[in-house]
Amino acid sequence: MSKPKLAVWKFASCDGCQLSLLDCEDELLAVAGAVDIAYFPEATRGVLRGPYDVSLVEGSVTTLHDAERLKDVRKRSRFLITIGACATAGGIQALRNFKDVRDFTNIVYARPDYIETLATSTPISAHVTVDYELRGCPIDKGQLLEVLTAYLNHRRPHIPSHSVCMECKARGTVCVLVRGTAACLGPVTHAGCGAICPAYNRGCYGCFGPKETPNAVSLRTALQAAGMDEGALQRVYRTFNATAESFLKESNSHGA
Amino acid sequence: MARRTIKVDVLARVEGEGALRLVIDGNTLREAELQIFEPPRFFEAFLRGRSFMEAPDITARICGICPVAYQMSAVHAMEDALGIAISPPVRELRRLLYCGEWIESHVLHMYMLHAPDFLGYDGAVEMAKDHPDIVRTGLTIKKSGNEILRLLGGREIHPVNVRVGGFYRAPTKREFSALRDDLQRALDASLGTVRLVAGFEFPDCERDYELVSLGGAGEYPLNAGHVLSNKGLDIAPQEYDAHFEEYHVKRSNALHSRHTGGGAYLTGPLARYSLNSALLSPLAQQAAREAGLGPTCNNPFRSIVIRAVEVVYALEEALRIIDAYEPPDHPFTPAEPRAGIGYACTEAPRGMLYHRYQLDHDGSILDAKIVPPTSQNLPSIEDDLKTFAPLWLDQSDDRLRHRCEQAIRNHDPCISCATHFLKLDVQRI
Chain L
15 MSKPKLAVWK
25 FASCDGCQLS
35 LLDCEDELLA
45 VAGAVDIAYF
55 PEATRGVLRG
65 PYDVSLVEGS
75 VTTLHDAERL
85 KDVRKRSRFL
95 ITIGACATAG
105 GIQALRNFKD
115 VRDFTNIVYA
125 RPDYIETLAT
135 STPISAHVTV
145 DYELRGCPID
155 KGQLLEVLTA
165 YLNHRRPHIP
175 SHSVCMECKA
185 RGTVCVLVRG
195 TAACLGPVTH
205 AGCGAICPAY
215 NRGCYGCFGP
225 KETPNAVSLR
235 TALQAAGMDE
245 GALQRVYRTF
255 NATAESFLKE
265 SNSHGA
Chain S
7 MARRTIKVDV
17 LARVEGEGAL
27 RLVIDGNTLR
37 EAELQIFEPP
47 RFFEAFLRGR
57 SFMEAPDITA
67 RICGICPVAY
77 QMSAVHAMED
87 ALGIAISPPV
97 RELRRLLYCG
107 EWIESHVLHM
117 YMLHAPDFLG
127 YDGAVEMAKD
137 HPDIVRTGLT
147 IKKSGNEILR
157 LLGGREIHPV
167 NVRVGGFYRA
177 PTKREFSALR
187 DDLQRALDAS
197 LGTVRLVAGF
207 EFPDCERDYE
217 LVSLGGAGEY
227 PLNAGHVLSN
237 KGLDIAPQEY
247 DAHFEEYHVK
257 RSNALHSRHT
267 GGGAYLTGPL
277 ARYSLNSALL
287 SPLAQQAARE
297 AGLGPTCNNP
307 FRSIVIRAVE
317 VVYALEEALR
327 IIDAYEPPDH
337 PFTPAEPRAG
347 IGYACTEAPR
357 GMLYHRYQLD
367 HDGSILDAKI
377 VPPTSQNLPS
387 IEDDLKTFAP
397 LWLDQSDDRL
407 RHRCEQAIRN
417 HDPCISCATH
427 FLKLDVQRI
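Sequences listed follow chains L and S, in order. Numbered according to my numbering, the first sequence spans residues 15 to 270. Numbered according to my numbering, the second sequence spans residues 7 to 435.
Looking at chain S on its own, in the form it has when it is part of the complex:
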């Protein structure tokens, strides 16, 4: 077969900069590699010497799409290091803030980044010309998530209200009540989203992943829980380093992760759902069933359906928290510095996010380790390509390229987090 080289300068609709390279020899896929050239920003280095109180504001800047995830993992890890217990109302408010981010981030991904793949458009703006109602519905639901972030966080991107021990200010009951109608409307609309995305065409692509997610805390996981896997792992976040390791590959400014002694694993919606689907609300469970999901899911193309179900859940959860809300006596537990080491895992929209900090006696950071979900997922994304791309080799280069992009977008990779932007280079030898 004649050798063919295809280059696409941009894999679009992901957050960050990177490239994909496929080498095809006749009917055999020789290589599938993700190259990450998002320039490194060295957060773990310049956190050294900063105060523990600055970590939530600084680490938020790792990612403009999921700053709350960074703030949550940072404050929980600091509280672990300082031996601080947060109050139950603060715990609920954090869950509410995280729901806001899940809604905003998931809807952005579903409607603006992922759905255009299934409906055959370059992007949401192009899609809006033929399907204005679909795009408008998405924007309405997304806005309801951002309203939570704006009220409780102060603003949508890089919220200012999160602090170690709690919040700087707890909003009033009245302020929250003002969100209620919009959230209720968004919840009704989100059930339509589940129906919409369940009707997309999914290739029959399943893999036997090791799925890793928080769980075991009696609730669908956001801020708390053990690190569980479908292969029997059950550890506390404090034990993370003993079970997972990061490694550095030449083509990538993002570190990759693997299960020590094992291999690639996957975090994110597939993992969260497969390990915790019984903990979803009855309405979300019903929506999942009607969308054709079983109790677990191993088809990454269906991750969009799980995101839609998680948005239903997050909206219900937000309404539940707002309805039960009584402002706490103290918006935060005061934090006194001391030497120590603290760990936390929380569930960012795209997967589990691990933080570890070592603090000096004055509360300054001696050492920081941050493992974003996309670093953990990169090896599995490459394995997806190695497994699925051979099934599509008989398709045209254009179609093959599009399928591979879609396979990457299934995992909503945030390359800015992991170090942005994919260039696809297909070589046929």
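Extracted from the complex, chain L is given alone in its bound form:
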């Protein structure tokens, strides 16, 4: 029996989430033994023809060309899994959605007329059916291995959708909000990172996006007490997962 084919696709992104696969130093050769790496240009010139059993998609859609390319990727993929905040929520580049992209082009480029771009940065799910969305900016490589293993073995991935708070408790980190040392998005943010920021004496900044059923309104008072003003409250929700529904709604309630 031939091995399942794995493909890795890039849209607008920093390459960090696909790098997570190459960062699995202890598991990479085992993964490569279990699948045929059929398309992964960051790692190999070799290309195997589709269809692909599992496609990992990194990045957001910011050009018409990419919107078309994505449809083709979907057609050639049995399971399509998005990896990271760009693919799942538009990424940091979705900050353009709140401004006029022409102004952005003028700020960065001497010849804006050379640049072709869409007015918005949108997640993969805005364009095609997505089978699974893995969160994080960047994703956690342990979670990536779990999702890959699950799909290759035809079972559901075990990725908890509770908040970062649960990970702080599991890790034994004293709550930075309760201690009053930092403003922290942990209570509304999806677990997965291992609650790193509070373990480093800073508040969570929401890079895994919203948890299931977040209550941002209830968190407001605590964030204000920790020193966040209206501008800071808007900015913190408008960073790496700005278009995720509950973060978007909360950011729209604030502003300098």
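If you are wondering where the hints come from, they were derived from the structure by calculation, not from laboratory data. Glycine included, each C-beta is placed from N, C-alpha and C at the ideal position. Check before you lean on any hint, since a few could be wrong.
[As the list claims (entries may be wrong)] Ranges between beta-carbon positions, derived for each pair:
{"#": "1", "chain 1": "L", "residue 1": "SER175", "chain 2": "S", "residue 2": "ALA242", "range": "45 to 55 angstroms"}
{"#": "2", "chain 1": "L", "residue 1": "ASN167", "chain 2": "S", "residue 2": "ASP188", "range": "26 to 36 angstroms"}
{"#": "3", "chain 1": "L", "residue 1": "ASP114", "chain 2": "S", "residue 2": "TYR253", "range": "20 to 30 angstroms"}
{"#": "4", "chain 1": "S", "residue 1": "ASP188", "chain 2": "L", "residue 2": "ALA184", "range": "17 to 27 angstroms"}
{"#": "5", "chain 1": "S", "residue 1": "GLU181", "chain 2": "L", "residue 2": "ALA164", "range": "31 to 41 angstroms"}
{"#": "6", "chain 1": "S", "residue 1": "ARG405", "chain 2": "L", "residue 2": "LYS113", "range": "42 to 52 angstroms"}
{"#": "7", "chain 1": "S", "residue 1": "TYR253", "chain 2": "L", "residue 2": "ASP117", "range": "15 to 25 angstroms"}
{"#": "8", "chain 1": "L", "residue 1": "ALA133", "chain 2": "S", "residue 2": "ALA184", "range": "47 to 57 angstroms"}
{"#": "9", "chain 1": "S", "residue 1": "GLN190", "chain 2": "L", "residue 2": "ASP40", "range": "14 to 24 angstroms"}
{"#": "10", "chain 1": "L", "residue 1": "THR143", "chain 2": "S", "residue 2": "GLY224", "range": "51 to 61 angstroms"}
On the provided structure of chain L, position chain S as indicated by the hints.
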């Protein structure tokens, strides 16, 4: 000669999206152009209005391979704007974090992206079938760099512990001691890497580059120094804009840079080494000599040897810093916002990275300028192709194409940084 057009949809094993186009008329190379179609992400635009404290977290997202470089240039530039002096232990910790990134990024490039060119494989996974020990050694060394990033940064990609003024938390001596054995093993293995890559076959391709690197700070450059060149330039990072300019070419979503009034220049391992080789540790210098490197190097194909030497140095430097480490009393110097303008250059694995920020009185960013190493190197990469490709025109299209890809990969271009992915289009007229 019959007109031939060759298209390759993918130049692989670079970070980002782009294409190369060669037009060949008989025995003459007419054009060699890099086209960058990595979609623009507009970082400099959406940094406006953000707090100075957010810059290290936001700019890290420019590149998943060298986020530490962006964080370092960002915090140094902010500290310049705010008039903050960092403590000596923080300075050492930053150097340690940067060593972690050099190790991780250089080893990724050497073993997974570049070595397959020399050994004749499509990629590292294919190479692992015949040379499992080589690939495993690479992964072990790479992991040791990532362990530094994980401990001191919180995670490998987009570390969370860097802040303006220092770090959110300084790890304990005990936490660092746990890294020691792995780093020592990686150092021993890295000497083997130098021997391995020194044995590769290098074409005799030298160019008279203007090499630009940090230097003059009495140490092999990472976070600090003057901007020096082998043609006599010696300026502070604050003077960068007066000497270098960015320009926009139609085929590219990445801006290109040139020396104002001059031409293309090159940053990265060749430049760092040629301007600073005497500042390497004795062990790294010895490894360089045994690998056949002189005090300077102008052959871009040998950049892989310099990367290997720099990994030896980074591992030694990491061990030195860890052995001398005493946790600072305060992990950071507090930063009070004020209006001002700040500049910084640091050495990303693939070359010098310039940041400039103008801040408002409340610390919000009014204006940001970021010049990644690959933007600075793109014109030199094109010049490499224009110089070297004519030497290879008698080779088969396949071989020519592969040579050109290799010539591009010599500079470990990060097109995601510069705006990802190269498509090669050879036209023979």
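Okay, the hints, checked on the actual structure:
1. L:SER175 <-> S:ALA242: 45 to 55 angstroms: holds (50 angstroms)
2. L:ASN167 <-> S:ASP188: 26 to 36 angstroms: Between L:ASN167 and S:ASP188, where Cβ atoms are some 32 angstroms apart, the hint holds.
3. L:ASP114 <-> S:TYR253: 20 to 30 angstroms: Hint holds: Cβ distance 25 angstroms, inside 20 to 30 angstroms.
4. S:ASP188 <-> L:ALA184: 17 to 27 angstroms: holds (26 angstroms)
5. S:GLU181 <-> L:ALA164: 31 to 41 angstroms: At roughly 33 angstroms between Cβ atoms, L:ALA164 and S:GLU181 fall inside 31 to 41 angstroms, so the hint holds.
6. S:ARG405 <-> L:LYS113: 42 to 52 angstroms: Holds: the Cβ-Cβ distance is about 48 angstroms, inside 42 to 52 angstroms.
7. S:TYR253 <-> L:ASP117: 15 to 25 angstroms: The hint (15 to 25 angstroms, Cβ to Cβ) holds, given that S:TYR253 and L:ASP117 are roughly 21 angstroms apart.
8. L:ALA133 <-> S:ALA184: 47 to 57 angstroms: holds (49 angstroms)
9. S:GLN190 <-> L:ASP40: 14 to 24 angstroms: holds (19 angstroms)
10. L:THR143 <-> S:GLY224: 51 to 61 angstroms: Holds: the Cβ-Cβ distance is about 58 angstroms, inside 51 to 61 angstroms.
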